[in-house]
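Asks: For the sequence shown, position 85 matches number 84 in numbering that gives the first Met the number 0, and the numbering has no gaps at all.
Treat the hints as calculated values from the structure; they're not laboratory data.
Remember, it's a predicted structure, so these values are computed and weren't measured experimentally.
Accuracy of the hints is not assured; some may be wrong.
[Claimed, not checked] Quick list of the computed label-pair ranges, beta carbon to beta carbon:
no., residue 1, residue 2, range
1, G206, E81, 38 to 48 Å
2, G137, G101, 42 to 52 Å
3, A51, V253, 53 to 63 Å
4, N177, E144, 27 to 37 Å
5, E70, E151, 56 to 66 Å
[Stated by the list, open to error] Only pairs whose alpha carbons sit at most 30 Å apart, straight line, appear in this in silico BS3-like list of lysine-lysine:
no., residue 1, residue 2
6, K139, K224
7, K107, K57
8, K204, K224
9, K139, K185
10, K185, K107
11, K57, K185
12, K79, K22
13, K22, K107
14, K79, K139
15, K185, K79
16, K224, K185
17, K139, K107
18, K224, K57
19, K139, K22
20, K204, K57
21, K224, K22
C-beta: ideal position from N, C-alpha, C; glycine also.
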Amino acid sequence: MVIIGVLLILAGVGGFFYMRHTKSELHAMIGTETLSIPQLEDNRRISDELGARGGFRKVSEVVGAAHPRPEGALVSEISKTECVWYRYEIRRQYERVQYRDGRRHYSKHMERVAEHTSSAGYALIDDQGRTIGVDPNGTKPEGVEQTVSRFEPSSGNDNQSMELFGVRLPNFLSSGQNSTIGFEYKEWVIRPRSRMYILGEVHDKIGPLVIGRPEQGGHFIIATKTEDELRHSRSQRHRLLSIGVIAATVLGLVVTVIGIVR
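I would like the entire structure built from these sequences, with the hints used as guidance.
Replies: Written out as structure tokens, the structure reads:
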């Protein structure tokens, strides 16, 4: 019982820090001004006039529609969907056989065998056709469209190597004690013209304005949701976490004390 109590307390501590992070994100969205592209260009122009060309930095919220980079739209690996950003993940489900007490024991497991997040930049475009660059920097956007979620059973030949997007992988996925059940495929994309909200730092390091992760730390949020939707979800999450943290901590202390006394 002591171990269970300690685990509950640790869960409460972890939930507390996640709750603080959620509250910090909410306050950042409330306290950061949403600026149009012309307003940001005006701020950059003032920075240039003061002799800080290339040194403009401004934490801001920006909204607009996703727009492909000059080289054209990306094409996602699994569904072949035209997009500005994509991410995929492939997991192998397998059955493990263990021998204990002269008997076979079977258990199912999952392992990630491949994943990729596109790193290419794209742009946001406003209603007047003005654009600002976006540097996603590995961030996972919120509310994105899931284009693939499927499970494909194995062919039954664990000795055969696997081919992934034209590249044949070595046969390191199985052993004599494991048998592959199948593969789970998942993919997410942001299509061109998707309405987006971004909270980050606008800079002109490469010339044109780009919004990306703040250099000195801070929140970087990319979403295909509105700011109101994001605020509402974080308010709800904070409320649920606050209840869960108190419940887990109190219950953990009670269980730990009972376990020690016994």
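Asks: It remains to establish, for every hint, whether it holds in the given structure.
Replies: Verification of the supplied hints:
In this structure the supplied range 38 to 48 Å is violated for G206 paired with E81, their Cβ-Cβ distance being about 27 Å. G137 and G101 have their C-beta atoms about 49 Å apart, which keeps the hinted 42 to 52 Å range intact. Between A51 and V253 the beta carbons are some 58 Å apart, a value that agrees with the proposed interval 53 to 63 Å. Separated by about 34 Å at the C-beta atoms, N177 and E144 satisfy the suggested range of 27 to 37 Å.
A beta carbon spacing of about 32 Å between E70 and E151 contradicts the range 56 to 66 Å that was offered as a hint. Between K139 and K224 the CA atoms are separated by roughly 13 Å; this keeps the pair inside 30 Å, and the hint holds. Proximity of K107 to K57 is assessed by CA-CA distance (about 50 Å); at most 30 Å being required, the pair is judged violated. Taken as a hint, the K204 and K224 pair is honoured in the structure, with Cα atoms around 28 Å apart against an allowance of 30 Å.
For the proposed pair K139 and K185, the alpha carbon gap of about 14 Å is at most 30 Å, so the pair holds. With a C-alpha separation of about 19 Å, the suggested pair K185 and K107 falls inside the 30 Å cut-off, and the hint holds. The straight-line distance between the Cα atoms of K57 and K185 is roughly 36 Å, outside the 30 Å bound, and the hint therefore fails. Straight-line distance between C-alpha atoms of K79 and K22 comes to about 38 Å, which puts the hinted pair past the 30 Å bound.
Proximity of K22 to K107 is assessed by CA-CA distance (about 38 Å); at most 30 Å being required, the pair is judged violated. Between K79 and K139, the direct Cα distance comes to roughly 20 Å. Compliance with the 30 Å bound is thereby established for this hinted pair. Distance hint between K185 and K79 is fulfilled; the C-alpha atoms sit about 13 Å from each other, no more than 30 Å. This hinted pair checks out: K224 and K185 have alpha carbons roughly 21 Å apart, not beyond 30 Å.
A C-alpha spacing of about 29 Å is found between K139 and K107, which places the hinted pair at or below 30 Å, so the restraint holds. A C-alpha spacing of about 22 Å is found between K224 and K57, which places the hinted pair at or below 30 Å, so the restraint holds. Our distance criterion of 30 Å between C-alpha atoms is met by K139 and K22, whose separation comes to about 19 Å. Annotation: proposed proximity of K204 to K57 holds, straight-line Cα distance about 12 Å (limit 30 Å).
In summary, the hint linking K224 to K22 is supported, as the alpha carbons are separated by about 18 Å, within the 30 Å threshold.
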